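Residue numbers (numbering that gives the first Met the number 0): 0 to 71.
It is worth saying that the hints were derived from the structure and are not from the lab.
All values reported here derive from a predicted model rather than from experimental measurement.
Just to be clear, a hint being listed does not mean it is correct.
What the hints assert, rightly or not - Each pair of labels, with its calculated beta carbon distance range:
id, residue 1, residue 2, range
1, GLY20, GLN69, 14 to 22 Å
2, LEU6, LYS29, 27 to 35 Å
3, THR21, ASN61, 24 to 32 Å
4, ARG67, ALA38, 18 to 26 Å
5, ALA12, PHE65, 20 to 28 Å
Every residue, glycine too, gets a C-beta built ideally from N, C-alpha and C.
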Amino acid sequence: MAAQSPLYNPALALEFFRATGTVELKPASKPIFSEGEKAGGLFSKGARMYLLLEGEIGLMINRRFFWRGQAG
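The whole structure should be built from the sequences, with the hints applied where relevant.
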């Protein structure tokens, strides 16, 4: 497991997302978003933040595996 920043508070993050977000269930092995996809800006309808509640997530750039993260 990767080290977390001492500034990160998982309980506070979960409280924030529950108060302001919408739960989305994503199937395993399917992309959440794709490289080059336009969001339109931080406060636009297309801009999103995600909190991974369980499992792992990977980041690929130019079809190459770059990073792996875990829930929290």
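Going down the list of hints, with the structure as the test:
1. GLY20 x GLN69: 14 to 22 Å: Given about 19 Å between the Cβ atoms, the range holds.
2. LEU6 x LYS29: 27 to 35 Å: holds (31 Å)
3. THR21 x ASN61: 24 to 32 Å: Check passed, 30 Å falls within 24 to 32 Å.
4. ARG67 x ALA38: 18 to 26 Å: holds (23 Å)
5. ALA12 x PHE65: 20 to 28 Å: holds (23 Å)
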